[in-house]
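Asker: Please build the complex by placing chains F and B on the supplied structure of chain C, with the hints as guidance.
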Amino acid sequence: MSSLEIKKLHKNFSNYHAIRGVDLQIEKGEFTVFVGPSGCGKSTLLRLIAGLEVVTSGSILLNDQDITDTSAAERDLAMVFQSYALYPHMSVAENMSFALKIAKVDPKIIAEKVADAAEILQLTSLLDRKPKALSGGQRQRVAIGRAIVRQPSVFLFDEPLSNLDASLRVQMRQELSGLHKRLKSTMIYVTHDQVEAMTLADKVVILNAGNVEQVGTPLNVYYNPASRFVAEFIGTPKMSFIPMSDDIKKLIANEYDGADPRKLTSSTWLGVRPESVTLSSQLLTKAGLTGKVSLVERLGAETLVYIDYLGEHKITARADSLASIEAGADIQFSIDFQNVHGFDDDGLRLSPDVTDNLIVGNV
Amino acid sequence: MNSRIAKLLQAPSIILLFLWMIVPLGMTLYFSVVRYNLLSPGPLEFDGFSNYAFFITDSAFLPALINTLILVGSILIITVVMGLALALLINRPFFGRGIVRVMMISPFFIMPTVNALIWKNMLMNPVYGIFSVIAIAFGAEPIDWLSEMPLLSIIIMVSWQWTPFALLIFITSLQSQDTEQQEAAQLDGASSWAIFKYLTLPHLARPIAVVIMIQTIFHLSIFAEIFVTTGGGPGYDSTNLAFLIFSQALLQFDVGVASAGGVIAIILANIVAFFLIRAVGKNLMVQS
Amino acid sequence: MNLTLSQRKKVSTWSLGLLSWIVALVIFFPILWMVMTSFKTELQAISTPPLFMWEPTLENFSVVQERSDYFKYAMNSVITSFGATFLALLIAVPAAYSMAFSPSKRTKDILLWMLSTKMLPAVGVLMPIYLLAQSTGLLDNVFSLIIIFTMINLPIIMWMLFTYFKEIPKDILEACRMDGASTFAELRYIVMPLSWGGIASTGLLSIVLCWNEAFWSINLTAADAGTLTALIASYSSPEGLFWAKLSAASTLACAPIVVFGWFCQKQLVQGLTFGAVK
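Residue numbers (this note's numbering), protein chains in the order written: chain C, 1 to 363; chain F, 1 to 288; chain B, 1 to 278.
Isolated chain C, as found in the complex (with noise of 0.2 Å):
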């Protein structure tokens, strides 16, 4: 186990910066997901620990040792990569057990490692097979199984579920989560797909255009997002954003007396998750707003309900299974202040924190 630190980090390719000053710190054991969109920076930020792109500026600390200028073979860092990597012209055993081969271990304790890491990814029967040979699943259980072998002090992933179908995505997803469970070592997985990130992460890191946005626990994350980008980013579906205007200004003092304790009035605008939205088939009621149903989707176990408030805005609501809404409809909605967070112009987060104190976020 492994603790990993990262300093002041810049990486400039010739006419890009793509990492814009990162400090980061990893605890020894902690299963870290880097998420943001395509373009945020979160592989390249990967690929510098892994040693495979050379840092511009700043340092990486592993165990609190420098190694910024360690080559990437000395690192003692496992990847999976996005496409498996695989070697094409080895067997599944030949496979996993290159990187001990190459670091000379006894054939003998390379043989038990290697059908130690088969068994628990099930993969006894396949080490005699070739890559070819194998399916896309199986793919990626070789390319974990090559790095389990290695018991590496860092185990980094690289989208490693984006190239399996979506069935076979969330049993693998589970099965990582056991597997860093069982193993207790310290990873870093990268991926765009923030259902990953909240399923998967002790700590969340939310990279946005070669910055970290915020780091947290995913529930954390949720319900304290540190700014739009991060609220728009997490959670689907996404939360929807309201103008301040009069009219929620004064349902505002109604719902808190005049008071304001999460600084909404002075902010430009609200951020509502779905769950926040209360929709209402009678008119009139004190917290009331108006709007045209624009879309509504039937997902069997809930409804979504899209809302066109003053023409130009979209809310997201939810309602019930079989709720009698149709498209094109005017409907009112009531709006949940207590868990409203407001902005200012520059995205960032006024209202205070929703809890002080998330009971869950670390199990």
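In short, the hints are calculated from the structure, not lab data. Where is the CB? At the ideal position from N, CA and C, for every residue including glycine. No false leads were slipped in.
Calculated pairs, BS3-like style, for lysine-lysine (alpha carbon to alpha carbon, straight line, at most 30 Å):
(1) C:LYS7 - B:LYS170
(2) B:LYS266 - B:LYS108
(3) C:LYS130 - B:LYS170
(4) C:LYS132 - C:LYS108
(5) B:LYS118 - B:LYS105
(6) C:LYS130 - B:LYS266
(7) C:LYS101 - C:LYS28
(8) F:LYS7 - B:LYS105
(9) C:LYS132 - B:LYS166
(10) C:LYS250 - C:LYS263
(11) C:LYS238 - C:LYS263
(12) B:LYS9 - F:LYS197
(13) F:LYS7 - B:LYS170
(14) C:LYS113 - B:LYS170
(15) B:LYS170 - C:LYS132
(16) F:LYS197 - B:LYS266
(17) C:LYS101 - B:LYS166
(18) B:LYS118 - F:LYS7
(19) C:LYS104 - B:LYS170
Every beta carbon over 10 Å from chain F, so not counted as near; a handful from chain B, in silico:
(20) LEU3
(21) GLN7
(22) PHE143
Answerer: Here is chains F and B on its own, set in the frame of chain C:
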């Protein structure tokens, strides 16, 4: 790998190729402006452009130039059209396609000298050749191919050798064509001709460009076939530039005139390459 | 007659197949005829109408050897083809490897320039090369032929190898580095095993091209370093009608390369078109 090692690894090939290009080229340019005949030894004297004048005013020059262009042009048309037709013919699976394919491409691997001698002796010979046997069987007068139509004979020989090349490239490209696209077109009610014209032909644009490019390079200097069969004759009827320069150089030992011819051949190749690149280069350059 | 769709398809497949076979036989006929003639006596070879059934004889093959020292020419062909191929690979493999795995901005230009040297017509530089060979005493010498073959095929070989090396996914090399492999281990365990097939087919193509090369071997060689192309060319001088012997010599000269060609047709396309057609 750092860039110094990279340069070191690339250096031998680059330097050697550069020498291979620049040294003979420089010498050719130099020889072309001096008086230099192996039969009359003496100091090399600067001679201006008289070698060029001699080569160009030689009564063989114009026929050779025209023959060169006729050879390239007609062989290109024949091989591309034939190659395309054959590729389409064997594009779909049928019994023994593998063997048919192997038979069709075999001529490409035959040595040019063997190719020329088989055609000259066993097929085109006016007495014993298969062609004359067939002609007599049909009651026609046998043709003495090599003396009556020498250029056409050369065109046939070279086309026989190079049609397989075009075929090989076209069929490889056809096999990589998207079948879903064709099926979609069929559902849209497109006829076979329409599919060929609007889907297959555009798909083959680049392979055709490649074939034209490479064959032009080779056919501009057809040599062995002429050397072995007609020897450029009768008269200059089947002499091309390459053969003319060869006869100046190694039959008449006039290095100066041969070099001037060489420079002219290089200029011609560059002119043709220039037009070729303008015409088909767009298709070729999309590469990677 | 009304045919169902599937019957119509069957008929068209059959008729197109039959047509393909006929065309293939016509195209292949000159080669077939050459091989058949090589097993005839000289009289049978020129008999009219042509003989399609006869008692085969092997006599021509031994006569060819006796009269023209066939094996010496064949050895020259083997030596020049394999020598030039080996030399070219020796120069080209490291260069193509470094171009593929640490490309610079000029890599593409260098490759295009290499290709452009193929545009230079051989006749244009015949005189200098001839005189250089003559002055260094390398006229009619296997060694000079090897160098020339190496140089004329180097651009094609560079392109082919470059394409093959490029096809090795970058990810695999990175995975290998993450596995702790040094550059040497990377070359030995990953790059070489993965590109072995490519290097082999490049070599095969080079051998085919050298074997059939006619311009330089006719112009620069005589009795000592003559290759099979030059030997066959010498049969053009009219010394009577020795078709059966000509056929025997030709068959021997072509057979290995034609068979080679059958097996590497696909690589040949890629090589000759510099990877433009897959």
